[in-house]
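Q: Each chain is listed here by its residues.
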Amino acid sequence: VSCEVSEPIDTMCTEIIANKSYSCEDLGLREIPERLPTTTEILDFSFNLLSSLHNSTFSKLKNLVYLDLTRCQINWVYEGAFQSNAHLNIIVLTGNLLMFLADTAFVGPQSLKHLVLTQTGLTNLAFIPMQNLDNLETFDLGSNHISSLQLPPSFPTRNLKYLDFQMNNIQRIAAKDIDILLQTKNLTLILKGNDIMHIEAGAFQYNLFYSLDFGGCIDISVVLAGMQDTRTHTLWLGTFEDADNGIPINPTMLLNLCNISVVDISLQKRHFLHLTAATFQCLNKLQRLDLTHTYISMLPPDISGMNMLEELILNRNAFKHICNISSTAFPSLTHLYIRENAENLDLGSGCLETLSKLQHLDLSHSYIENLDCCSNQLKGLSGLQHLNLSYNKQLQLQDLAFKEGANLELLDLAFTRLHINASQGPFRNLHLLHVLNLSYSYIDTNIQHLLQGLQNLFLLNLRGNKFQSGTIPNENLFHQLPSLEMLILSFCDLTAIQNQAFHTLKKLKHVDLSHNKLIAFSTDAFSNLKSIYLNFANNRIHIIPRDMLTNLSGQSIINLSYNPLECTCSNIGLITWYKQNMDKIEDPEGTVCCEPKALAGAKLSTVTLPCGINVAGIVCTV
Amino acid sequence: VSCEVSEPIDTMCTEIIANKSYSCEDLGLREIPERLPTTTEILDFSFNLLSSLHNSTFSKLKNLVYLDLTRCQINWVYEGAFQSNAHLNIIVLTGNLLMFLADTAFVGPQSLKHLVLTQTGLTNLAFIPMQNLDNLETFDLGSNHISSLQLPPSFPTRNLKYLDFQMNNIQRIAAKDIDILLQTKNLTLILKGNDIMHIEAGAFQYNLFYSLDFGGCIDISVVLAGMQDTRTHTLWLGTFEDADNGIPINPTMLLNLCNISVVDISLQKRHFLHLTAATFQCLNKLQRLDLTHTYISMLPPDISGMNMLEELILNRNAFKHICNISSTAFPSLTHLYIRENAENLDLGSGCLETLSKLQHLDLSHSYIENLDCCSNQLKGLSGLQHLNLSYNKQLQLQDLAFKEGANLELLDLAFTRLHINASQGPFRNLHLLHVLNLSYSYIDTNIQHLLQGLQNLFLLNLRGNKFQSGTIPNENLFHQLPSLEMLILSFCDLTAIQNQAFHTLKKLKHVDLSHNKLIAFSTDAFSNLKSIYLNFANNRIHIIPRDMLTNLSGQSIINLSYNPLECTCSNIGLITWYKQNMDKIEDPEGTVCCEPKALAGAKLSTVTLPCGINVAGIVCTV
Amino acid sequence: PSLSTKWPMHTVCKENDLEIYYKSCDPVQDFALSIDGCSNILMNTFNIRAALVLRHNIKELSMNINLILNGKSILTYSQKLCEPNGRRFIFCGKKKGEHIYYEGPVTLGIHEIPQGEYTVSAMLYNEDHLTVACADFTIKKE
Amino acid sequence: PSLSTKWPMHTVCKENDLEIYYKSCDPVQDFALSIDGCSNILMNTFNIRAALVLRHNIKELSMNINLILNGKSILTYSQKLCEPNGRRFIFCGKKKGEHIYYEGPVTLGIHEIPQGEYTVSAMLYNEDHLTVACADFTIKKE
Ligand SMILES: [Cu+2]
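Residue numbers (this note's numbering), protein chains in the order written: chain A, 11 to 632; chain B, 11 to 632; chain C, 9 to 150; chain D, 9 to 150.
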């Protein structure tokens, strides 16, 4: 009987895809293992000890495409280090303190597309040899000590899409430093975390960017002055909780925005001095404006001209009343976010009425408490598709709680205490609702009409709700959900499920019953066992009769991990089936024996029991 | 016969002083070896692999005074790393990329005096916990990426004498950043290699420095403007061959020097625009001025007021004529250096006549060629003590060549081709001369009166000169040197030394005969064999009879390395004596057998020959 | 809390009536933390130093804090620190291998440390639920 | 020239008529050097990259260059690069353990490379005559 539990302690690389992809992460290796096949395309060699790279280091791995050398203590990259690796696309050198890169350090690959030199101690761009970098698409130079952006004439621009200089020491940008970037199009340029003190006027003139990130800069007027006549899709001007607050914004500081072509701006965590309509006068053409955590409690009611704004993000502010966002100023909004409001947010009545185009509304984590919800509050929002009211205090749902919600596809009420105050189903008009999240909403699961009318519901999440006497009866609130495919009932303190509980749910494909107190695994309750996913992890199941398992078709997956499974002959049915159906098992690592003591902790797949041929024989002839 | 040559390959630390000082440099160690005694005071643990320091790492070495942890890949210094090391004075952490220093990282030592954090990746002074650094005398923070000099209130000042911020990223210095330095006195502050762009007016006011180093800064007027009302002994304002040239100096830029109290200034490698007497108007109080490599060919003749200048350094400039240095403007000079002049320097006649206080004159490496040397040229310099004319083209020494040199103590003529054109000794009036360097001066060693009159000569260097037929005869030019103690005759192509050659040199103690073609080792030629040093390395000696060795007293040292020594029984005399007198041997590593082939390369000390007891016996009874 | 003995027990402070220790519960690395004076914890803000090397990208980063008394979790607190569209901290979006260092003030808003001995388990994890940092703190207060 | 096989032979360039290789002759470390285009050597100035870690302080630093043909030294050139009172280069005075990097133009003033195969041995040493860097170059010119 081989019941040994052996933890394989091994300094060998892990095969991810046979002959193609290997991970040798953190094995203390001092060279590339001889055993890696020459066909290897993807190699994660991070957190080892290489010290120097020579032309012989990778010479056997001629098919390498992706090479991750993160934190290998590489100091020296000698001539032709990658000369044998014609197919190499990606080299990651993050966290190596580079002391020397030979002129031909990167020569070899026919089309090197991604080069990551993050945190490699660079102080100067000239340290990097530009030979054979012409095909770069992304170039990561973040978290170094580069103090000048002077791009050499040989800097790769042909295919460059992403250039990351975040958290360097760049303080001044002169036009001639970056004139080579005129040859790029739709570049994303990250200058976040640099202490920009001066940009020469016109330095970015005629450039066409996709995104420009100046996050964390001290004085955004310096940036805006330098960006005159620039075109970019996105301009990130915010700052961070762990960065300097920077100079507060007054209306004149934003005037320079009138000469910048941009549709998406973030001003996260900036302070506004005198937030008036004037502040917005050069924001007219914006389609998206992010004012997360800008310490505002009121948007000026006389803002005008913001007709193009489609997305407004007001998260982490301090509105007392939702009318204070002055929604009439933003008639074209399709997306509105007021998450994590610092005050109890009063939803008022009809404050968003004019937002007839609104599709997404996120009011989560905002201390909302409403005893008469929610038709008045959401008046006029007949186009609403996604509504997030999760993580609020409590809501009392009235009859037809979302009266104008006929177009709602997603409704999230998780972690908000719900009181149902409706004689009929509060959701019964939500015919298009696709996803309903009621997890930890403390709903009364005895209300049989609760889910009435949700004829298109695909996913129902009831995690953390309780059922009377811990049982899901045959007669239950799920009967009215003909389209339901996914059902989450984890953490519901369930002890039993009646035999016909889910028989009406013909389309049910994914059921999560994990973290309950179920003592029996049964497939009887489900009407359709073709390619079903059943998660029974973390329950109290000891024994599973083989006939409960045999009707699971080939596409099905079950998870039985973290149950007190018995590895005795009384459970030979499960154990025999298990070993023959490993392809149907999720988390075999966590699926271990509990009894007898001698086998406790042994993976089910490794256990062989001496129960006699006859037992297996009987099972086989069933 | 144990003739094996074994290179001791060993990963053990080297004992420098028993129980006190150990070197474990570059042994690939991953921890402090258990075997180091707890009495260890000095530990060089550089170039090993520690990764992190804990309170247990050095807990056994309670007597540590000096700890060198250079380049040990230390990233993490946890709480109390040195808490057991009460006597620790010096911690060297050069070249470790520090990722974390706990607040109590340096707590423990009662009086930590020297902390070296050079090249440790610092970006910010706040990274360094200041707990228990109050007694620091030197604080090395060079070659990091510190961009602000903001010294915290807890910065150590009580005993601080040396503060090194060289090659950081400091661009601006505000008065409040450094006001804590007012508490120091006679501090040496190194800001070399920082790109200083602004110093707040008065930032260094009332400070009393010993030395301030702004080497390599771009614009010295920025420095001088910031240094108003500062007192310092030395002010280093030069730049370097591998640094930016900086902004050229015009006379107005130096006007701010009038309000700085300083006696020693270096302007090495600065360019002067319009070098006129006005340039010097605020340099009046200087005692030392270094104008090395300042691209000058002429000092203005109308400079006035430089009466206090004692030391003038004009190396690496381009004077055509020594009169062009306008020596009359510097009447108090004691030291004058005109080394490595880029032009053929014409010594003229009496150009330095007014420098009656001159003691040291260095004219080496200056392409000097003089056919009538040197009394006219050095007219008036009767106080001269050191004269360096080495590495020039050629000099024709006349009779009494240094007529006013009665006070000369050191005369260096090395590597300058000399023609002696004197019927009597050209040096015969130099009664005080102590050191004479004539190496590679191609002198005619047949001139018996050459060294006449040098009655106090202590050291004579004749390296690289030739003797007729490769022999030093009994009658030779050394007889007139009663005080000679050191004689260098290496690289003289000598094949023989006659028996009485040095008999008149009663004080001779140090003779270098290395790199000649001598075939015999003989002690006969020396009159005094008590504590003599004889270097016969790199000659052609095969065999040494034992009786040549036995009269060497206990204090003597000989070097026989790199001779084709025979390790056969014909040389048993040497070999036996050698092993008994290892304390008299210099370079035993290089003292190896040449013959027979089987023993070639074996160290003499390891060789045991089977020559029979009788041979050894005979020798012992001599 | 993990049972790993791989990493040493670190002392954050050891004062008259308050002792705080911690131990990394990350299988691949130790955790570096230091507090400038333990008694300051009860102040509104106090200064810490903390550092870690990322073993995984943190496009998303969440924090989970668990207060454990007698082996039972009695309080759980979790918070998202980074999301692709909500980069609250400048380190959000950093990648595997990067060194993250924070040195500065922290506000816990605790005004009393309850008496007794208990464990606070703190864990940071990323979008794939991979551990970014993990430490179990032992707190003893008289 | 040293006989050590500890360090690999590095290729500086390999062009039609000119090949330059080098090998470190320092017992404790390899030497890092790279030239941007070999043919540029004959230009007045050409660009190099060079790096080393100091194993000893360099209060004083001297350079010795030896041209060796058929095993015989035929030309020696030496120069002091650093002295306490003559810090010509910004790296003068650096200490053991420091990384020195130079990237930029160099002027050799050579206008012709003689034909044949020969060795140039270059060595840097400090005030105590300890090796700071050492490399033997093999030059083949047709
Ligand atoms: Cu002397």
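Calculated from the structure, these hints are not laboratory results.
C-beta: ideal position from N, C-alpha, C; glycine also.
Take the hints with a grain of salt, since some may be wrong.
Chain D side only, calculated, beta carbon under 7 Å to chain A, not exhaustive [to be verified]:
id, residue
1, Thr19
2, Gln37
3, Ala40
4, Ala59
Q: Against each hint, give a clear statement of whether it holds in the structure.
A: For each hint, the structure was consulted:
| no. | hint | verdict |
| --- | --- | --- |
| 1 | Thr19 | holds, 6 Å |
| 2 | Gln37 | violated, 10 Å |
| 3 | Ala40 | holds, 4 Å |
| 4 | Ala59 | holds, 4 Å |
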